[in-house]
Amino acid sequence: MRFHWRRRGTLATTVVPLTDHIVLSAVDAEEITTSGLVIPDSIKEKPQHGNVVAVGPGKMNEAGTMETIELKAGDRILYQKYTGQEITVDKQEYIVIRFQDVLARLEEDGVAAAGTRARGRK
19 MRFHWRRRGT
29 LATTVVPLTD
39 HIVLSAVDAE
49 EITTSGLVIP
59 DSIKEKPQHG
69 NVVAVGPGKM
79 NEAGTMETIE
89 LKAGDRILYQ
99 KYTGQEITVD
109 KQEYIVIRFQ
119 DVLARLEEDG
129 VAAAGTRARG
139 RK
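Residue numbers (the numbering used here): 19 to 140.
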């Protein structure tokens with residue numbers, strides 16, 4: 019899958035993730051807690067979830083067969099902490115991660131979608 023963005027007028031750059039790489043749109047860290055406290059930038063935790071923008075074709079395993087990636091553009095995913103490469107293109111932030119760092123796909127059917135904000139609560 020190809021991911022296009024515009025750069026400097028009418029020129030467009032195409033980003034094609036290679037092997038098992040995934041391009042995510044960056045999600046902003048929360049600035050205010052549910053109780054109304056403002057969180058300073060210096061202590062904000064980076065979100066561990068994002069929206070898939072583009073997916074690479076997969077990679078060859080040791081047996082010589084292609085392992086495809088079970089994600090598509092538009093999926094919301096949960097990924098490991100402290101992983102990925104942050105990039106900025108035309109003032110838009112993205113994160114490039116490997117498929118092995120994906121923990122789960124977040125679905126919009128209730129608990130799964132809200133799971134990233136419910137840590138420590140019952």
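Check the hints yourself; a few may be wrong.
As the list claims (entries may be wrong) - Listed below are the simulated DSS-like cross-link pairs for lysine-lysine, each with C-alpha atoms no more than 27 Å apart in a straight line:
{"no.": "1", "residue 1": "Lys90", "residue 2": "Lys109"}
{"no.": "2", "residue 1": "Lys109", "residue 2": "Lys99"}
{"no.": "3", "residue 1": "Lys99", "residue 2": "Lys77"}
{"no.": "4", "residue 1": "Lys77", "residue 2": "Lys109"}
{"no.": "5", "residue 1": "Lys99", "residue 2": "Lys64"}
{"no.": "6", "residue 1": "Lys90", "residue 2": "Lys77"}
{"no.": "7", "residue 1": "Lys90", "residue 2": "Lys64"}
Claimed, not checked - Computed spacing ranges between beta-carbons, pair by pair:
{"no.": "8", "residue 1": "Thr86", "residue 2": "Thr52", "range": "32 to 42 Å"}
{"no.": "9", "residue 1": "Val56", "residue 2": "Gln110", "range": "38 to 48 Å"}
{"no.": "10", "residue 1": "Ala81", "residue 2": "Thr106", "range": "18 to 28 Å"}
{"no.": "11", "residue 1": "Gln110", "residue 2": "Ile57", "range": "19 to 29 Å"}
{"no.": "12", "residue 1": "Ser43", "residue 2": "Tyr100", "range": "14 to 24 Å"}
If you're looking for bench data, these hints aren't it; they were derived computationally from the structure. These numbers come from a predicted model, not from an experiment. Just so it is clear, CB atoms sit at the ideal spot from N, CA and C, and this is done for glycine as well.
Checking each numbered hint in turn, tell me which of them this model violates, lowest number first. 4, 9, 10
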